[in-house]
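A.B. asks: Each residue of the sequence shown is one higher than the one before, starting from 9 at the first, in my numbering.
Bear in mind the hints are in silico, worked out from the structure with no lab data behind them. Treat each hint with caution, since some may be false.
[Said to hold, decoys possible] Below, computed lysine-lysine pairings styled on DSSO-like, alpha-carbon distance capped at 30 angstroms:
| id | residue 1 | residue 2 |
| --- | --- | --- |
| 1 | K140 | K162 |
| 2 | K84 | K140 |
| 3 | K145 | K162 |
| 4 | K84 | K65 |
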Amino acid sequence: MLSATMQLRADTQQNQPGTIPYTVQDGDSLPAIAQRFYNNPCLWREIYDANRAIIGKDPAHLLPGTQIVLSGGNIKTYTVQVGDTLTAIAQQFYSVDRHWQPIYQANRSLIGDNPEQLRPGLQLIIPPLNLKVYATKAGDAVFTIAQRFYGNMKHWNIIYDMNRDVIGDNPNHLEVGLLLLIPNMSELYT
Numbered sequence: 009m010l011s012a013t014m015q016l017r018a019d020t021q022q023n024q025p026g027t028i029p030y031t032v033q034d035g036d037s038l039p040a041i042a043q044r045f046y047n048n049p050c051l052w053r054e055i056y057d058a059n060r061a062i063i064g065k066d067p068a069h070l071l072p073g074t075q076i077v078l079s080g081g082n083i084k085t086y087t088v089q090v091g092d093t094l095t096a097i098a099q100q101f102y103s104v105d106r107h108w109q110p111i112y113q114a115n116r117s118l119i120g121d122n123p124e125q126l127r128p129g130l131q132l133i134i135p136p137l138n139l140k141v142y143a144t145k146a147g148d149a150v151f152t153i154a155q156r157f158y159g160n161m162k163h164w165n166i167i168y169d170m171n172r173d174v175i176g177d178n179p180n181h182l183e184v185g186l187l188l189l190i191p192n193m194s195e196l197y198t
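Start from the sequences and build out the full structure, keeping to the hints where you can.
C.D. replies: Following this line, the structure appears as structure tokens:
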């Protein structure tokens with residue numbers, strides 16, 4: 009349980025512009041929270057520094073139910089409207105509707121177990137999606153796109169695996185105008 013002073017600090021932090029409250033879930037760690045909301049587990053220290061008074065001296069000791077705040081320009085929020093779906097929200101923020109899972113994972117504690125049941129008024133956190141979106145052109149092949157983005161056509165399977173649902177069973181056949189998600193190579197191996 010938070011002391012009155014710590015609760016006052018938490019309430020004050022949550023009311024600051026550019027901050028978003030987050031309730032620590034069972035199994036959370038600061039690197040996991042940083043990955044979920046900032047798409048980079050190495051930013052855990054920024055979360056800890058902003059919440060040191062609430063978390064305490066040991067950043068590895070997070071208690072489920074603890075209210076912390078997340079801040080920064082990378083975090084966007086969206087208030088669910090009547091008729092919204094995660095795919096429509098993903099389309100609005102990421103320009104690709106099929107990448108709704110990061111939004112769901114970041115907000116699972118609010119949404120619940122069914123991602124198709126969004127309640128109007130929920131304030132969702134929209135984590136940064138560290139993917140590029142590439143529209144295929146005439147003459148493109150998965151291996152040439154891998155060469156363009158990764159400098160090595162041997163990494164074609166990364167692009168294919170990420171976009172199999174759009175490309176289909178034949179990675180050698182790309183229709184013009186397909187929107188492919190291109191993962192950041194450095195984040196695949198961190």
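A.B. asks: So which of the earlier hints does this model not fit?
C.D. replies: As far as the earlier hints go, not one is violated by this structure.
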